[in-house]
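Asker: What follows is each chain in one-letter form.
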Amino acid sequence: MKSIVSKSYLLIPFFLGLGACSKYLDVNVTPNNPTSVTPAVLLPGAQAGTAFANANELNRFTSVLTQQLAGAGNSPAAYDTYNTNGADFGNQWSGEIYDGALVNYQKLIQLADANNAKAYSGIAKILKAYTFSIATDVWGDVPYSQALQGEAFTAPRLDKQEDIYKGNATLGIQSLFDLVREGIKDLDSPSSVTPGSDDIIFKGDLNKWKQAGNTIMLKFAMTISRKEPALATSVINEVLTGNNYIKTNAGDMNFTFGASVGSQDPRYTYVYVSTFLNDLIMSTRYLNLLTSLNDPRLPIFFTKPGANYVTIDNGFRGTLPTPTANWSRYNKYVVGNAGEGPVRFITNFQRAFSLAEAALRLGTPGDPQALYTEGVTASMTLAGLTPAQITAYLTANPTVATLTGTNEQKIAQIITQKYIAFTGNGLETWNNYRRTGYPALQLSQNATGIDGTLPVRAVYINDELQRNPNFPNPAPQSNVRVWWDID
Amino acid sequence: MRKILLGSWLLSLLFCLPVLAQDVTVSGRVTSSDDGSALPGVSVQVKGTTRGTITDANGNYQIGIPANSRLIFSFIGFAGQEAAVGTRTTVNVTLVPGQQSLDEIVVTAQGIERDKRSLGYATQELGGDKLSQRSTPDVLTALQGKTAGLSITGSSGAPGASTNINIRGITSFNGSNQPLIVVDGIIFSNDVNNTQNTLFGTQPSNRLADINPETIESINILKGPAAAVLYGSRASAGAIVITTKSGRNNNNKTEVTVNSSYNVQNVYGIPTFQNTYGQGANNIFNPTSNNSWGPAFSDVTSVTNFQGNVVPYQAYPNNVRDFYRQGSLIQNSVNIASGDATRNYVIALGNTLQNGIIQNSKFNRTNVQIGGESKLKNGLKVSGTGTYVQTVSRGIPGGNGASTFGQITRVPRSYDLTNEPYQDLNGKSIYFTPSSINPQWGVNNEFLDSQIDRFFGNFQLSYDVAPWLNVAYRVTGDTYADRRKLTLPIGSGRSPLGQVQQDNFFRNELNGDLLITARKDDIFLKGLNANLLLGNNINQRKNQEAYVDAASLTIPGFYNVSNGTVFTGSGENTTLRRLVGYYGQLSLNYNNYLFLELSGRADQSSTLPAANSTYFYPSASVSFVPTDAFKVNSDVLSYIKVRASAARVGRDADPYLLNSVYVTSGYGNNLASINFPLSIGGSSIPGFGISTRIGNNNLTPEFVTSYEGGINVGLFKNRLSIDATYFDSRSTNQIFNVAISNSSGYNTRTTNVGELRNQGVEVVLNATPVRVGGFKWDMTLNYTLIRNNVVSIAPGVKSATISGNSFIGIAPSISEGSPYGVVISTANPRVQNSNPNGQYYDATGQFAGQYVVNGVTGAFAPGVPNSVISNPQANYTAGLNNTFSYKGLSLNVLVDTRQGGQLFSFGAVDARSNGSMYVTGIDRDQPRILPGVIQNSDGTFRPNNIQLPAQTYWGALGGLASEAAVFDATVYRLREVALNYSLPKSLLGKTPFGAISVGVSGRNLLFYAPYFPSDPEINTQGAGNIQGLDLNGPPNTRNFGGNVRLTF
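Protein chains in written order, with this note's numbering: chain A, 1 to 487; chain B, 488 to 1535.
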């Protein structure tokens, strides 16, 4: 037995192992990711998500549907013949909107509330409302009041689009209008910290944020103006009375991207850099429209590398024009010199066109013609034309410059100019088209889709149908109108 | 720490050179009674101990034994014999063929040697001779078809491409399902490190590729949790225990073995193409089309190509085949071994040089191993081994679309791929379709280079405290660095502005094991022997990946990260995990016919919440040999063993799953993307967002509970033996990232959910059908049938996507009621007669199950999303290995089959819908009708009668994300043939050689896949949980060559 005792030191590692465990095993804190952050790093990431949601796949879809672009290959070509289903826009729904921008606005609001950083919560609420409007305008009824709460609601209910815009106290749904109002109110309150360069949109200019918030109220009001004219009128009057909204191009709410790979506007990357650059081309129909109007913005909006603009008709299925290097693509007005964009969320010209239409449609204050001219001028100025050039154009083209005919005809003129001004923002042109029917669009060649008609909504993504039993299954097809789209 | 230990090991080797053995040394020669020839490989065992050796090539053995021991000699195909040594120092034995012994010593968990008859669970052992010189440098591919219960799938014929292995199916939703690999007691990493997205990256190696098959003495496969429980959590997917050659059985003789082989590799298994129609669509030539729907070659003689040149319009029948070169595989190894059971050393050198069938691809490996053991004067036994491996490889990126292999399936039949110029003076790709890269340009410009430097080794001290008590401590280490460089020049499909990435992986694992073994015979009653093992394991695993990603290159042709302008893809990922385990095993043996084994292990893991971090799991097994118990003495029934076991194994989580974290923001995919920090207007703006996964601080371990029963039967003096096993395992409490509604703001939450069940049958049948004179035919049949079923996932969750990369709309998933890994995508709509209110209801049932066709277009009606369309799990697999031997000549022929299971293939759909596949050239001028029915306005159905032109038909059949991409992967294969000749000793008398053998061998010589147009054994996602996808990767190869083995 002596030998056993003398060699028992061999057991030492065994007992060492027993004793030293708890410290030895306490190594499960990740060195790869932060577990807490500041508002200053959450804000830019979320803003970029909203910008991406606006300018990426949803822009390709809607710009093709509204015939500013034509699909030459892959998914844009499918959209162009009205083929879309629940396999589309999964990345937009989850990566860009809900799990990209929105959840981080939600986090930002929580973090800001905890630190009394009212400037951040104000901005986040305004952007959250704007981003939710993208979701509901594209998909109709969507998760809203129960959304973004993680484990509290792993399958949030869908709120009706009507309740999202108007609110529903019974169901505890705050309206988008109230959300924006709350954001503006936060901006009026003292804040422990204020954003600077981390606010990619306004560089921390809180007054511009208030103006943008009020102008977003105008946009929302116009969106529901045909379904809920009374509410729209009261909101517009509220904004006009408050008199703090975007009144100059300098007040535009834009997101500017960078000029290097990995920082660029997706509209640029897609048509100039990616493998799929030859999937999109300017639409012949849009070329014809701008040409017929002698519009001086044509060469500013689209490129002409060769002798002529090279375009295809929407839904065209023949041999594509060659060389592809000569195709007409988005020009610098849309995508910047090297992919900077900007993405124009809310603009001065939009405000003017909206008020012009509202004056005609709802009888809100303002002279429709003056507001219309202001809108056209603002857009042309934004495009880089000089006042002299603009005046010359309007003088030479009185059918463009002057609103004529019935109110409906005037509205058609307003929306057509709004459509042109919003080149590069397909969501706005599609929303306006669905709401007003302007500009009148002929069906694409080879139109198929559900019933050969132009899609008026996106189909809920397949993933959500699989994961969340609150989604209607089968989902409404792309030919079912959303609530505010009355005809 | 490790350095110090290894240093002391070297030191102790120096000390131990002058050694005195305490035992008596006995030597002798074992011969066959047939012809008096020497019998190599005979097991010589000291009765009542685990001490033993094996006879060398000349039948000689030497063993140190306690005085007055008895020796047991056993060898397959011969009757065992027991000899009392007495005072003799030489014991020569002659074995009589006939009664085959089924008593074998096998290495089980933690290196414990066991008599096979005592095992209550299935294991399967393969000798190194079954793996050596098989025209492949990879151990796992050499194992294919030779074992029951294993599923081994190579990913492609690219050199070094990873090989997936699963034992007894898939047991974890999210964790690794690859078995634990143990080499000489060293827990050996078989990880796959990916530099690129697995959908479109280069297929990297699994790290078992660092083992040189020539160094392997034997492989033992511990199939179920019962067998592997002592290894703990990590062996819940089974374990593969590899023992390398040592000098243990050399009888103090120094033996030098030189092995050299040369093999060629040729592309094999690409589809057969049509050669009647050329580039274009709708019978019109189009110089920029990917399609071969152009006019017939007989109708047009010349065309103007994409460069404006008038060229002959003709087929280039071998344009795809000739794209691949002949590959070569040169393997050389030298093994120097000397010593005996108590004092020995081995030095092994190996070198493998492989040039793949893809231009520029290579896989070169160099191994150096030194090992030895010795018993010191004071009785302390010291052993150790250390191996250095360097593996240098170059691979070419694959994947759908913008890669070499994404384009190779779209080459028109009239395009002279190998002779047309592929790059211009600026090094840019020239191709008929400018938006894609020329495959030739891809293989000559896009590279993933890797250099692995790896060291692994062990050091063990063992001491017999008392004759019945041994204490041992073992330290093992395995560490590697993989330095990689990805080069994507300007103009590359995946990175049009160019990209250079330095990607460095580092992995290190350390294990310390204390093993105390006690043995007591005749405990309580005579004939009842007990073995007790107590052990402790301390484990640490560290992984680090650090990468610098330089995008948007400035100077063409300068491939250095300093040439980049955007570095946002750079980063670091480090994980550290630790585990402390305590284990014990009590083995009882009653008169060598009744065995009971009880094991238990408790683990404490760093990856679980402190409150749940300790978990215990037991196993029990019993085996009974009635033929011995009842002393059955029959010429027909020689041996029966029945066995049963039950085991439960716990498994911890991956590191860092407990908390929600923030990640660098980024948006988009391969169409367009941004990544923070953004560079805007000259300043860099950081951005973070909450991760899409919700952490869980209440995780508990997951468990696999397994029941296994089996029987071993030996008939006709064991010339026919059957080993059959039935198993049923349930994996519960799975740690899984359950998908939740994205509108919750998150994509998944980590939680314990679900149940996965595997039931299966394994049969191993060994037979010697013929033994006449010197001629012998041995065969082994392996059969595996596994039924895998996802019993449940989570409340309200019927299906979920498996972690990993996948294309949108083609999601490898778990789905309740389906096997693991099914693909969920859009299915063609079918007529049903179960739901009168549903779509396409046929009250008569006459058309139920048929496809629904659009009555106007003749194409399928809109598909049904979220449908299970492909099941990668095989129905059953089987392998038949035949060895014919006559004197020095032996011929080994291995055929195997996989029945059923489905493959989702982009390549096949591409080649079919673009009109290049052979079938599309048949009767192309004839219209076709899609299978299915059309719904009439009154809701009834009529058979589809709408004729479609061939091009429309093959397109309408379905594209990439459709049922049309799913094929039955059934295949029959002549896997391996090896012919070997050992020169007779009489010829070698005057040469310095002890033995010379020459051989030829071939691999993948022939296959027949009835339902798939090329080789279905392909798996472009590589080793891992996603299986059964062919997303545009390299094809397979057919290898053959010769080898020579010299022994000095």
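Note that these hints are calculated values from the structure, not bench results. Fair warning: this is a prediction, and the values are worked out from it, not measured in the lab. All residues carry an ideal CB built from backbone N, CA and C; glycine is no exception. Hints may be right or wrong, so weigh each one.
Derived coverage of chain A by chain B (criterion: at least 3 residues anywhere in the stretch with Cβ under 8 Å from a Cβ of chain B; other residues may be distant) [said to hold, decoys possible]: (1) 98-112; (2) 149-163; (3) 231-244; (4) 302-312.
Asker: Which hint numbers doesn't this structure obey?
Answerer: Hint check: 3 and 4 fail, others pass.
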